[in-house]
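Novice: Read off the chains here:
2 protein chains.
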Amino acid sequence: MIILKLGGSVITRKDSIDPALDNENLNRIAKEISEASKNARYGELIVVHGAGSFGHPYAKKYDIGGSIPDKKEFQRKRKGFCITQEAVKNLNSAVCNELRKYGIPAVSVQPSSFVITKNKRIIRADLTLIQKYLDSGFVPVLYGDPVLDEDETIKMAILSGDQIISYIGKNLKPDRVILGSDVNGVYKKDPKKYPNAKPVKVVGSMEDLESAEGTQNVDVTGGMGGKITELLELAEIGVESEILNAGTPDLIKRALMGEKGIGTLIKLQN
Amino acid sequence: MIILKLGGSVITRKDSIDPALDNENLNRIAKEISEASKNARYGELIVVHGAGSFGHPYAKKYDIGGSIPDKKEFQRKRKGFCITQEAVKNLNSAVCNELRKYGIPAVSVQPSSFVITKNKRIIRADLTLIQKYLDSGFVPVLYGDPVLDEDETIKMAILSGDQIISYIGKNLKPDRVILGSDVNGVYKKDPKKYPNAKPVKVVGSMEDLESAEGTQNVDVTGGMGGKITELLELAEIGVESEILNAGTPDLIKRALMGEKGIGTLIKLQN
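If you read the sequences in order, they're chains S and L.
Just so we're aligned: the first sequence equals residues 1 to 270 in full-length UniProt numbering.
Just so we're aligned: the second sequence equals residues 1 to 270 in full-length UniProt numbering.
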């Protein structure tokens with residue numbers, strides 16, 4: 001089984017103030033998934049997508065996951081929760097519809113219907129149903145979603161697609177995790193500042209990302225730090241992942257068909 | 001806590017070939033719920049709605065819940081499952097949006113994300129999350145949805161709003177169940193054939209529905225038979241329900257505010 005992450009920055013116009021799809025990317029990626037599944041040796045796939053401009057503007061506006069000083073702020077956040085849930089659900093419909101257009105039996109699985117977090121980490125999520133969908137050849141499609149949080153000071157949280165991947169990865173042990181991002185992989189230096197920078201081939205520990213020049217605290221670009229920490233935890237239990245550029249045609253397809261090393265592999269070094 | 005059912009025949013144009021909302025009813029009912037919740041003594045509400053023209057045409061076309069003779073038919077039904085799921089999700093979005101328009105913190109809870117049936121009856125559905133939404137003052141909105149079924153001969157089933165009500169009713173013990181239908185209540189005689197027929201005031205057993213003239217097997221109109229059997233089971237554990245006409249203005253509001261006996265009460269006789 002493969003888990004494929006589609007970053008919100010790939011399938012939506014992330015900098016848009018209002019929810020906006022990147023139709024071109026979404027259509028191309030759905031086509032690639034369909035083409036790969038005709039040829040691939042595996043039969044099972046879970047798709048997890050981010051929220052992009054469908055979620056972040058609302059989550060930020062209503063500060064979902066922030067502390068709740070009084071009843072009025074609680075009510076404001078609760079309203080924001082409902083609005084955010086609706087918006088990301090619409091994105092999920094767009095993704096599922098596009099996948100179905102290419103014959104993929106995409107079934108929506110709504111995290112806010114079965115996941116509970118505590119201090120923003122999943123503490124309750126029964127994956128039985130997802131396994132059953134896989135067993136019947138469906139492609140479950142999950143996504144970043146607001147969820148209830150058991151920490152009384154915040155009561156709600158935004159569950160990211162990355163955390164979903166980490167949780168499913170640990171529990172269902174996929175053969176591979178493929179993360180379709182808007183960058184070519186993991187860099188030691190910011191590729192926007194250093195145009196010649198190339199992505200690291202393999203990350204086996206956080207030390208691999210320390211600068212060759214010996215500088216400390218090298219920024220891992222694009223909020224990759226937390227993501228890599230989670231992926232290294234997966235690597236430790238034997239689940240290998242790869243971060244690649246889903247904005248570049250055919251990379252998702254090639255990776256789904258078994259090719260490795262297109263972007264940055266996260267796996268323990270032998 | 002109150003469970004309010006909105007029949008698919010009330011909020012959609014049930015006889016439409018394509019999914020079609022009954023915007024007028026939906027808007028009016030959302031307004032009534034909002035007005036009632038400002039005055040009501042209770043603070044907790046679950047809304048469950050049917051699928052109407054958003055679900056039945058697809059469920060029928062693909063015969064979801066029917067037996068599966070071969071792989072081809074399985075694939076056809078699986079496709080139908082995905083299409084039906086998407087359509088009823090769209091109806092649910094319309095319902096939630098309308099409720100939110102009137103300030104109700106409506107949160108969507110997707111049955112196909114947490115319910116499994118066996119031979120078309122729920123055998124697995126964790127209601128913890130629904131209780132938590134209630135505790136935080138959300139209004140969970142569930143709906144008729146296709147779900148996976150553990151019976152290998154059918155593999156999928158259509159979970160009706162009525163079965164959801166029955167299951168939640170038994171497990172969360174609401175103070176009341178209100179069923180907004182397109183008829184005034186339960187009749188002994190078909191009111192379309194007998195224009196002077198009046199709905200029964202109270203049903204305490206199936207015997208109450210036998211004709212006063214002593215005829216056997218009187219048809220209980222509108223597919224009410226199965227519904228009443230389920231509601232009588234609720235009555236036996238002390239959960240009273242009422243079937244009323246949600247197409248008539250103000251009845252939902254009056255019932256939510258505590259009035260009883262507007263339509264037909266289903267409760268054990270003393």
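These are calculated hints, taken from the structure and not from any lab test.
Just so we're clear, the structure is a prediction, and the values are computed from it rather than from any experiment.
Please note that the accuracy of each hint is not assured.
As the list claims (entries may be wrong) - Cβ-Cβ distance ranges computed for the label pairs, FRET-style: (1) L:R121 to S:N171: 50 to 56 Å; (2) S:E150 to L:I17: 43 to 49 Å; (3) L:S67 to S:D151: 46 to 52 Å.
Unchecked claim - The following residues of chain L were derived to be distant from chain S, with all beta-carbon distances above 12 Å: (4) A20; (5) D149; (6) M156.
No residue lacks a Cβ here, since even glycine has one placed at the ideal position from N, Cα and C.
Novice: Take a quick look at D149 of chain L and tell me if its Cβ sits farther than 12 Å from every Cβ on chain S, holds or violated.
Specialist: violated, 10 Å
Novice: Given the hint of 43 to 49 Å, is the C-beta distance from E150 of chain S to I17 of chain L inside that range or not?
Specialist: Since the Cβ atoms of E150 of chain S and I17 of chain L sit about 46 Å apart, the hinted range of 43 to 49 Å holds.
Novice: Hey, is A20 of chain L genuinely clear of chain S, shortest beta carbon separation above 12 Å?
Specialist: holds, 18 Å
Novice: Between S67 of chain L and D151 of chain S, does the C-beta distance stay in 46 to 52 Å?
Specialist: holds, 48 Å
Novice: Over 12 Å from every CB of chain S: does M156 of chain L meet that, or does the non-interface label fail?
Specialist: violated, 8 Å
Novice: Tell me if the beta carbons of R121 of chain L and N171 of chain S are separated by a distance inside 50 to 56 Å.
Specialist: violated, 27 Å
The structure fails to meet hints 1, 5 and 6 from the earlier list, while all remaining hints are met.
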